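Asks: The residues making up each chain are set out below.
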Amino acid sequence: MTGLQEPDKVKKHNTKRAKYVYGLTGCAFLALALLYAIRSNEQVIMQYNDIDSPAEIRPEYYDTIIPPNIAPLNFVIQQEGSEYFVRIYSETGKPIKIFSRTGKITIPEQPWHNLLDLNRGRQLSMDIFVKSGSAAGASDTGKKQWSRFKTITNTIAKEDIDAFLVYRKIRPGHRTWREMGIYQRDLNNFHESLILDNGYFKHGCLNCHTFLQNKPDKMLIGIRSTDYGSAALLIEDGEVKKIGTKFGYSSWHPSGRQAFFSVNDVKLFLHSAANEVRDVIDFDSLVAYYLTDSGTVKTTSDLANSNCLETYPTWSPDGRYLYFCSAPITWTDRTIVPEEYDQIKYDLVRTDYDIDGGEWGPLETVLSAEDTGLSALLPRVSPDGRWLLFCMCNYGCFPVYQTSSDLYIIDLEDAEKTGRFEYHRLDINSDKSESWHSFSSNSRWIAFSSKRDYGVFTRIYLAYLNEDGTASKPIPLPQQDPTFYDSCLWTYSVPELIIRPVRITREKLGKVVRSLEKIPVEMPVTMATPKVGTLPSAGVTWRSERE
Amino acid sequence: MLGIRKKILRWPQILQNCIRYKSHVKNHAYLRIGISLRALIFFSLFYIYLRFYVDLRFLYHGAGIITNFPVFYKGLPFFKTFLSYPGGLVEYVSAFLSQFFYYSWAGAFIVTVQAWLLGACMAYLRKTVNFSRLRGICYILPLFVLISYTRYTYFFTTTTALLAALIFAFLYFKVSLSRINPAGQTGIFLLLSVGLYYLAGGAFLLFAVICTVYELLFRNRWKTGLFYLLTAAVLPYVMGLIIFRVSVVNAYSDLLPFSWKILYYETRRRGVIFIYCLFLIPPAILLILGLWQLLLKRLRRLKEQSNTKTDKNRQVKSLNLIVRIFNWYRRSSKFRWIVETSLLLIVTGTAVFVSRKENLRTLLKVDYYAYHRMWPELIEAARNDPTNPLVVHSVNKALYNTSRLGYEMFSWPQDPDYLFLSNPAYRWHYWRNFDAYLDIGLVNMAENDLTECLEGLGDRPMILQRLVLINIVKANFDSARVYLNTLDKTLFYSKWAGKYLKLLETDPNCSTDKYIQHLRSISLDKDYCTQTIPIHTMLALLLEKNSRNRMAFEYLMACYMLERHLGNLIQNINRLKDFGYSQVPTHFEEACLTYVAGTGQRIRISGYRPSDSLRQRIDDFGRILHNYGSNKQAAYNELASKYGNTYFFYFLYGTSGTTE
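The listed protein sequences correspond, in order, to chains A and B. As numbered in our numbering, residues 1 to 547 make up the first sequence, in order. As numbered in our numbering, residues 548 to 1207 make up the second sequence, in order.
Incorrect hints may have been included.
[What the hints assert, rightly or not] Distance windows between CB atoms, simulated:
1) F626/B - F29/A: 21 to 29 Å
2) S1177/B - T403/A: 54 to 62 Å
3) S1177/B - E339/A: 40 to 48 Å
4) V21/A - K721/B: 28 to 36 Å
5) N114/A - K721/B: 53 to 61 Å
If you're looking for bench data, these hints aren't it; they were derived computationally from the structure. Because the structure is a prediction, the values reported are computed rather than measured. We treat Cβ as the ideally placed atom computed from N, Cα and C, and that holds for glycine.
Make a model of the complete structure from these sequences and hints.
Replies: So, in structure tokens, the structure goes:
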């Protein structure tokens, strides 16, 4: 028996020892991994050459004003080198030190926020070091040396930007409605979440989203679907209703009782040789408004003039003025694109309104196309009521398709005093299209779409608006991977800043889109532009191909 | 002693048993070899058929018909997007493997392996339920896979999801046959369900149904079966809707052939019935076998109870001959193998033959050859379906590129719409036109079609390549870079992208790239709203921009001929010498003679001798028409057979290509 027991004992003993050895080895590896993880990233560069120019970085995060609550502005150093070191610092707070072998600088979130928060209104500096063979003095020895480039500085604004940005992502061509969605981005970090995409309603189309006073509590989303029809989703305090017609460009009256919207008979056409292939023309359009309590639609003769095209309604924050764009209809055959399509220019007009009495004042021209020689579009008034920001382009109604489209601004307070609407072009414009702008709730930040850096691919930019109406150099919406936009085939449009996230689930929204239940609406018989008693349906002629 | 004697007496019996056992083992080995050999033959032919007949390159190419062919990019960010929803991983793997359809041999291999695995799963399923007969059922799924590829449909992602579900069912069966207690088995089922749902989305439902049927019919575990069914109903809701926040419809249907993502689109619905069959066959077979076994048990019990031996004997006598034949057939394994294998191949061959879509195959081939500029091959392939407008559109391109447009275009059925597919009926055929537009210089029109394709068909490399070129031609280098950086992440086009990225670095204007320079030299520079000017005006503008644009010239002449605007053709006929024609192309001359015959005006094409034979032909044409008393309809048959490939005939009847 002992003979039999001995090997068992040995085996047991061996197993025990093996377990002990494995355990120890595992612990050692764990300790090493831990040590590696918590190792100090402290880099001490003792010797370097000073270079009297700033390093080339992308995106160009320099000489600008940045929001104190923005996500880390990760960037790529374009300088050739084998190692990179960046030190980000301000007057107070712990500097952030980042070492990279690729030139891709990924800034840790928490230290970044701490630094920005501590230094509101101050300068944020970045020292960039690059190790390369081409540094002065290095080429002789063939040894790589560090170079320090001129410090890059930005100013941290005192005022926050609204924490969330809602935008639409679509492809440059989008007539087949394969993929598109409305997303919200937390600007404090890189988290992007879907509000609704067309996968929830069999690849229909969804577009303009409108909020009341930068808050997600009251929201409108326009949808079009072959299966579920055209509708506007009205989101009110967590409840969703489907209104039986699609709203075009819309704006809430500040009271939240009425939603103003345009109805556009849009025709897409192509240019044979212009840089921008697509273009659109409104064969007809009008502005109407939806009364949320009664579920009815109304309009007036000034908003629906049969001889004019009215579009892009927007409210002043005091609820006194409705601004919109208007152009005379100069051609007779409304079924084809007129030869003089490039002569259609929109005036910027406004009308005063007493919501309680339902009284409309006379139409007032803010900017006449005849005076400017340009087409004024997409007016937006800042929440403090001071600034009127809008686009002007050579012609037409759709600035994103117009290379000439730039952002302009009017000081409404000044206009109130002088009686003259003086406008000026913002310095932040590029030689490409700028459009789809919106204000933050504190009126200090604007978000807008631009084609400046990526050609046909519209991206979102953020810029600080000073108290004198000048804007700082815009920065692209930051992404975790600073090269993200380089191969991103999405276009980003209609950026709307909001203070809180949209909390309603996409399934809830999708369910309402898919349901048969909807609030029926009928146009008033007094309406001039469309046929009496009807609203445009999802038919071909009304199928908008707008970005 | 007695014991030893008894033992000695039993030796022959033992020996006989040994021999029987040996022969049984031998037979079993032969059987296994036979089964393996049959599988080898079947799947070898399967591969050869896919490789050489179906040619999966055509599926990869898609021709604008395959609208759900996935894209794949290298790198972690692309992979991460698939992790955020159920079924993403199967989609990712399928997208990766599908890229190898780029090579016909690799694509065929991948599909063959997938089909073999599906067959193996079915074989295991049959084995698990102890059904030794009907070995052929393991070929049913591969057969349906073959049919779906014969019909040129792309369901690779769906079939991969099916495979995942069957593999998980296989794992569950393995577990159920092991010594794990029932509670443990249920736990493993739940674990497998969660894993499979994350991997393959809605395809998990198939797994759950298979397991339910198995538990209900083969193991008589009613409670477990019902619990599995409940899991099938609840799990997608919990994981899909609550955790991953996908829509309720997608949570239950993603990666199933019943998904709206397939059924909503006409092009994707094509042949979906065979994929339904693929998904329904495994549970259906299991159900039938289960019910069959239950029925047999019941019958056996009934037989035991009854004592009607005489009836049985009578029956046996009457069936004696059939039974003897059947027994002989069962014993002669080689013969049986030959019969069964032949039957399998005949059934497969017939199914494939019946389900093939020659016209679709032609269309895909023609488009593939057009894309790769394989013009002679295109014309050859087009002969299989010469009446298809989409095919003729490509043929016109091929004829131009082989300098035969002016000679042979009316050998094909023509219509004014075919040159640029301008009829509203083709308004969604963005894929067809972009190359014609690009080659002729209508760069913006090509760009519009390509960007629409980009949305409709996904970021296919073929689309991205052309968008790169267009944006470089238009000096939109920023856009070109975005497309190039995207292409750089693909498996097979990164080299091409790298070349252009480098070129943009070294020569930002791409002035050294001859093709870019050529496109710049021909591209239209006058801006118009394209909807307001007819295509022949656009072609005239192209010639105005570059009088050496030969394609614009030939298409313009073709356009005038097709629209019967012969006066305009006459005005331009003297441009022939600008393009170095050694003789007047036959159809152009026919058009001139038609004009002369119609108007009585004389025309002279400077530098070219009129063809006497052509004059004789038009005289003969006129004579035939005259013989029928100038009755067009009456003369049709004779003229169609003799002059169906001439412009005279087209001018008179508005149709062409009737000569055999």
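Asks: Give a verdict on every hint.
Replies: So, going through the hints one by one against the coordinates:
{"no.": "1", "hint": "F626/B - F29/A: 21 to 29 Å", "verdict": "holds, 27 Å"}
{"no.": "2", "hint": "S1177/B - T403/A: 54 to 62 Å", "verdict": "holds, 59 Å"}
{"no.": "3", "hint": "S1177/B - E339/A: 40 to 48 Å", "verdict": "holds, 44 Å"}
{"no.": "4", "hint": "V21/A - K721/B: 28 to 36 Å", "verdict": "holds, 34 Å"}
{"no.": "5", "hint": "N114/A - K721/B: 53 to 61 Å", "verdict": "holds, 54 Å"}
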